[in-house]
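Chains as they are written, first to last, in the working numbering: chain X, 436 to 549; chain S, 114 to 223.
Think of the hints as simulated: they come from the structure by calculation, not from any bench. Note that the coordinates shown come from a computational prediction; the quantities given were computed from them, not determined experimentally. For glycine and all other residues, C-beta sits at the position ideal for the given N, C-alpha and C. Mixed in with the good hints, there may be bad ones.
Claimed, not checked - Residues of chain X placed beyond 12 Å of chain S at every Cβ, according to the derived structure: (1) GLU449; (2) GLN476; (3) ASN487; (4) SER493; (5) GLY507.
To be verified - Ranges of calculated distance between the beta carbons of each label pair, as one might list FRET restraints: (6) GLY451(X) <-> ASP129(S): 36 to 44 Å; (7) SER186(S) <-> THR533(X): 32 to 40 Å; (8) THR511(X) <-> ASP116(S): 24 to 32 Å; (9) GLY486(X) <-> THR194(S): 17 to 25 Å; (10) ALA532(X) <-> ALA154(S): 32 to 40 Å; (11) GLU503(X) <-> ALA190(S): 42 to 50 Å.
Residues per chain are reported as follows:
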Amino acid sequence: GAGVSQSPSNKVTEKGKDVELRCDPISGHTALYWYRQSLGQGLEFLIYFQGNSAPDKSGLPSDRFSAERTGGSVSTLTIQRTQQEDSAVYLCASSLATWPYEQYFGPGTRLTVT
Amino acid sequence: GEDVEQSLFLSVREGDSSVINCTYTDSSSTYLYWYKQEPGAGLQLLTYIFSNMDMKQDQRLTVLLNKKDKHLSLRIADTQTGDSAIYFCAVANRDDKIIFGKGTRLHILP
């Protein structure tokens with residue numbers, strides 16, 4: 436596609452429910468990143484994929500967070516048993532796997548946990 | 114680990130130059146980036162500089178890098194209302210991880 440797309444654009448869920456956030460990267464981009472942006476905060480790195488493997492999962496806040504990527508393309512970020520502190524905008528970015536790693540960002544998914 | 118710091122707010126009069134500053138801690142940083150985020154939108158890469166450069170200019174944008182002081186700045190000449198946004202500094206470290214600052218909100222005064 437023309438750019439990185441994310442769905443849904445907005446998600447409201449009740450505390451304790453599971454949610455899945457989807458990211459469609461730019462075709463041909465082998466690197467894919469997930470970030471979290473809370474109100475008034477910068478971007479918090481969550482996880483990075485190179486192809487289907489995730490060499491760096493160090494940013495995942497807890498074991499309630501997981502992500503997968505299939506076919507070197509679409510990625511899904513899953514949050515289990517959501518908590519109110521999970522409310523944020525979740526941003527996905529993709530890039531070619533070479534320097535300078537120019538990242539192209541999607542519009543984000545705004546997650547609200549009530 | 115790498116830490117990237119920016120001031121949170123900057124107000125500039127329309128037509129003046131804006132200078133947004135960023136400091137980082139990892140001296141082995143390779144690429145340094147400036148991203149722009151307009152309200153309700155994702156981040157857009159504005160420009161980047163390789164660590165062996167000290168300046169890069171692109172139309173109204175000038176990036177200055179002082180490696181000794183680990184200081185990066187973004188100058189926007191002739192600031193316009195459309196420049197109102199949050200500007201993020203980001204730094205790539207030796208492990209290829211890109212660390213973002215908290216962003217500087219640029220407010221344009223009439």
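Note to self: So, against the hints stated earlier in the document, which numbers end up violated here?
What the structure shows: Violated hints: 2, 4, 6, 7, 9 and 10; rest satisfied.
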